[in-house]
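Residue numbers (our numbering), protein chains in the order written: chain A, 51 to 386; chain B, 51 to 386; chain C, 51 to 386; chain D, 51 to 386.
Be a bit skeptical, because a hint or two may be false.
Because identical chains cannot be distinguished in the list, a pair is counted as satisfied if it fits within a single copy or across any two copies.
With a cut-off of at most 20 Å between alpha-carbon atoms, the simulated DMTMM-like pairs for lysine to aspartate or glutamate come out as follows [what the hints assert, rightly or not]:
1. Lys-381 <-> Glu-96
2. Lys-75 <-> Glu-90
3. Lys-298 <-> Glu-322
4. Lys-354 <-> Glu-330
5. Lys-298 <-> Asp-252
6. Lys-283 <-> Asp-317
7. Lys-298 <-> Glu-207
8. Lys-372 <-> Glu-242
9. Lys-298 <-> Asp-317
10. Lys-351 <-> Glu-322
11. Lys-215 <-> Glu-96
What the hints contain is simulated information worked out from the structure, not anything from laboratory work.
As a plain string of letters, each chain reads:
Number of protein chains: 4
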Amino acid sequence: MINIGIIGAGRIGKVHLESISYRVKDATVKAVADPFMNDETRAFVEGFGVKEIYDDYHKILEDPAIDAVLVCSSTDTHSSISVEAINAGKHVFCEKPVDHSIEKINAVKKALEGKNLKFQVGFNRRFDHNFAAVRAAVENGSIGETHIVKITSRDPEPPNPAYIKVSGGIFLDMTIHDFDMVRFLSGSEVEEIYVNSAVLVDPAIGEQGDVDTAIITMKLANGALAVIDNSRKAAYGYDQRAEVFGSKGMVATANDTLSTAVLSNADGITGEKPLYFFLERYMESFATEMRDFVDAVVNDKPVKVGIEAGLQSVLIGLAARKSVEEHRAVKLSELL
Amino acid sequence: MINIGIIGAGRIGKVHLESISYRVKDATVKAVADPFMNDETRAFVEGFGVKEIYDDYHKILEDPAIDAVLVCSSTDTHSSISVEAINAGKHVFCEKPVDHSIEKINAVKKALEGKNLKFQVGFNRRFDHNFAAVRAAVENGSIGETHIVKITSRDPEPPNPAYIKVSGGIFLDMTIHDFDMVRFLSGSEVEEIYVNSAVLVDPAIGEQGDVDTAIITMKLANGALAVIDNSRKAAYGYDQRAEVFGSKGMVATANDTLSTAVLSNADGITGEKPLYFFLERYMESFATEMRDFVDAVVNDKPVKVGIEAGLQSVLIGLAARKSVEEHRAVKLSELL
Amino acid sequence: MINIGIIGAGRIGKVHLESISYRVKDATVKAVADPFMNDETRAFVEGFGVKEIYDDYHKILEDPAIDAVLVCSSTDTHSSISVEAINAGKHVFCEKPVDHSIEKINAVKKALEGKNLKFQVGFNRRFDHNFAAVRAAVENGSIGETHIVKITSRDPEPPNPAYIKVSGGIFLDMTIHDFDMVRFLSGSEVEEIYVNSAVLVDPAIGEQGDVDTAIITMKLANGALAVIDNSRKAAYGYDQRAEVFGSKGMVATANDTLSTAVLSNADGITGEKPLYFFLERYMESFATEMRDFVDAVVNDKPVKVGIEAGLQSVLIGLAARKSVEEHRAVKLSELL
Amino acid sequence: MINIGIIGAGRIGKVHLESISYRVKDATVKAVADPFMNDETRAFVEGFGVKEIYDDYHKILEDPAIDAVLVCSSTDTHSSISVEAINAGKHVFCEKPVDHSIEKINAVKKALEGKNLKFQVGFNRRFDHNFAAVRAAVENGSIGETHIVKITSRDPEPPNPAYIKVSGGIFLDMTIHDFDMVRFLSGSEVEEIYVNSAVLVDPAIGEQGDVDTAIITMKLANGALAVIDNSRKAAYGYDQRAEVFGSKGMVATANDTLSTAVLSNADGITGEKPLYFFLERYMESFATEMRDFVDAVVNDKPVKVGIEAGLQSVLIGLAARKSVEEHRAVKLSELL
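Make the full structure from the sequences, and use the hints.
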């Protein structure tokens, strides 16, 4: 049984608190820290029997009884808190992205060197039932050698344009999950990227210097090709599909729905829309990733999504941005 | 916040313990009783922070701090414990079937008379996402007037033939859920039943005087027709589908699977089999029914599956048995 | 190359004329006869290069150059014309039902005795791509031993109530196809039938002494059970599905649609309705049955749907009617 | 009623001969010419009642009774024969591609100027039931403004590598259909293209200087983005899908199969593979395009796929080739 401290009690911090409390054996949340702790959040946290609630996360880092911390604070603090936590001897689960700067991610990487500490990045979709099934089919040879990886990833609603600047734009905020998914499904690194993009959903997004619709193609180190299509707004909800095509066949997923009910009437044959909100769609995956992290810590196993995944996904995101700016294919090696 | 006592710590009792502990607000399990309480079960129960663990369920009935009890004991004790609990002033959630005897179910009904106590029967499938969606479509008029209710219900494996005698046979043990589903989906009572059945899965089931394959047709009070097809063994897993056809259209469900992944190769286009085990398939529905029961108790709302559902389902089951024995259509009124 | 004469130039006679002209090698339509031949029909027939057009079908029977005739006249003339054609030495393709009377069908059977003539009944659905695929799966052992045969057969629109009397009612007019399908898919005879039926679509149908909604269960000679559900009116179109369940699995079909296009929008995920009209839905099967008949004649092969299929389907239909009238299970042997 | 002459009696010429003979009213094939006419082909052609069979296509052009010609000869002769036919006053249906050279296509365009003659290019997929349904949904506003057009187009088997040189490579031979489909579905011109490609199926294709796997992205004049993914070999058969995503939703197609039968057994839930061969998959579309061409000629309507479609598709193909060679995005305007 290990003790966990959660740093950052926003939406995702609360999700992890609930998962660990109810759905993860071998771990207890001992403390939660958030600089903006308010009464509502405090009551929520106490509801799970957590007694140590702080404004200052250093209290967590200083507690020798805490084995691992979850870094769920704002993105710009992920890397520095991670380094502090590592130096305090804590295992770290860090939400994505680790940072927008390769340098800062490398600092985390360096901090980890020579220490027997786990560091996991919050790419929860790897733990999703559908994507895990696709990966399993690729891994067990069902489709032979991988030729094409295709990901469709469309949000139900665009973010507030004001958020764009903070978020680093579509590639570091939204597509970063898809970049990680390409690496996960293919088991290969991305070598080159070309982005074909546009502002079609909301001109205000364009005014922030970002795009809202994109088709992104990549060359992978294993020779395969990949393609992602993104939109910030799908009228029918959250569209999250993957397809991997290879020498022996193809594996593909459909969206999850609330039920399988289909209505047949004079208007047609109508099924339900995809689950709309990412917390509905991916709730199970958050619990699974947490179980996996705790398992890695408790049983000293390698984490499934380590610092390299954190680094590569941001690197691809930055290369995507450069491809848009320079209107050409960009090799990842150019950014190193 | 109400306190609950669980009577019977077998498989289903444990499921409810976990649901209430983790997934139901407003309720706590205060005590668990089981005459065959062993170390393993005791440890399991304690793991949820329950401190009062008994062999004798009367300790639960005598505890004035307990508001409601779950009757999860063996079927032959359901009705008598329910009556005792009611007389002790407890709200009751009783697993299905309430009893194999109409007389004993009527005894429970009588005990409830004049008391402001909730009594819910454990027809969890009413709370399943798929069946609830079908019911919603019927209720909101999407299919017009109901003409035909069709249920496919096939188990992945037959029970041990020795269990058949105790269980009351296929109609009281397995089809009883489907009988309740016909009532639920149609919103109508069953008036007449005819059973076409056979022993095709396992001759040992026939030797116990039971059947393992059946097509069951019914006339409903609202004029609609219903049909259930049952098998004790579907090679592809647990097959649980419903279809309701009416004047304006049809609503139908498919089976749930672990993922939506589909493999296309030289052999065909292959998706996953249905979830195999009833606890996997219906896990969510157990939590939902428990939330609903607690909500009914806490907020003094009517329960959604009351004693009448318990009575009618058994009545239909007994009529089904009679139809097989006498090889004719049987009216439910004949059994009253 | 054989010469064919078509007797009856109504809707189905025209379909066969077109199939043979365009889609069947080894056969030519040499003559067409219809007592109600009009200018429009004459022009249609001439359009296919047919030069011999008669009011009186005896001209066809008398023509020694004609090898085979298609009996597409009104139902009450099927059996007598068939007998005449057989006695004239012609191979016969006869539309369904051969007759409403078992006696008259037996007369055809008797006429065939000792003659080396082909006699095929127009159960075109056996030649449909979907139902043929189900039968193939049953036949090649993919589902093991057959336990349950399920057929859903619902028309898009009820017939004119005036037609009911002539047609012999739902069982001899509409369900007869499904009865034949049960025999085809199971490869077994029907032994007993029970009908649960109602008038839910149109009271005028009830006034004609017929029903419009039915659930029909059967016991088959091979021990399997079968069930058909019928409605005279499905708001979403022509619903034609089959499912066969056995010891090793299940094979099932969905409806055909005009295209696979699916629209996803704020209202849901909507595909097309089934093909609405039986001529759209089954057009291919009419050509295939004709090719098969011609092949049987030219190459002296057994026909796939002979007089026994014609007889048994009517026998089941009459037993169904008796079951409704007497409100009990009826054995087919009672009618012999 | 018009008379048609077919020039080139290879596979596709024969398909058109059969379509016109059996499935197109208002047209007759009067003559067929092929420089390699052999006995087998001659017998096939005669089987449809065609009496004028030539080695030299000029006999067709010289026949004043022939209204229209189908140019089904080898690709390198398409444009010159088309020009001759136009100059002889014939309406022309020309197989795709019109030519590999923009100059030669422009010569055809020029020949057409000022003449009231129809010229249709053989992009049959526009007349396919699935793609036509997608286009209809786009056209009637069901998906709002188009944002993304996605096409998956994978062949069941790669061509003989020797064919690659003659064919002009994957983009002019195979993807040309998809380029036309992008224009058809979007109703917009392609402005810029970027190709990400590889040789993954057969190294012999690479040795011919071609690729066998590609992800192709485009910018369209209406602001939308498009993407095509191609493979020369899909182990599960001919994969032909389209998806169009817009401001109000998405419309997408699945592959056609021989039947809807699905087998459920211990191995999974398995449906049929897509129709394997392009002639099976697109047979209906060949008849429909022919009916449309004849309708345009007979009723003096505009053709649905004119010379501009022939020109633009080749232009995109040449730009795709340039993109691969120069490893950059190529504007179509660069090639003019």
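Going through the hints against the structure:
no.: 1; hint: Lys-381 <-> Glu-96; result: neither (49 Å within a copy, 57 Å between copies)
no.: 2; hint: Lys-75 <-> Glu-90; result: between (27 Å within a copy, 17 Å between copies)
no.: 3; hint: Lys-298 <-> Glu-322; result: between (32 Å within a copy, 16 Å between copies)
no.: 4; hint: Lys-354 <-> Glu-330; result: neither (23 Å within a copy, 26 Å between copies)
no.: 5; hint: Lys-298 <-> Asp-252; result: between (41 Å within a copy, 14 Å between copies)
no.: 6; hint: Lys-283 <-> Asp-317; result: between (25 Å within a copy, 15 Å between copies)
no.: 7; hint: Lys-298 <-> Glu-207; result: between (37 Å within a copy, 12 Å between copies)
no.: 8; hint: Lys-372 <-> Glu-242; result: both (11 Å within a copy, 19 Å between copies)
no.: 9; hint: Lys-298 <-> Asp-317; result: between (39 Å within a copy, 10 Å between copies)
no.: 10; hint: Lys-351 <-> Glu-322; result: neither (40 Å within a copy, 30 Å between copies)
no.: 11; hint: Lys-215 <-> Glu-96; result: neither (34 Å within a copy, 50 Å between copies)
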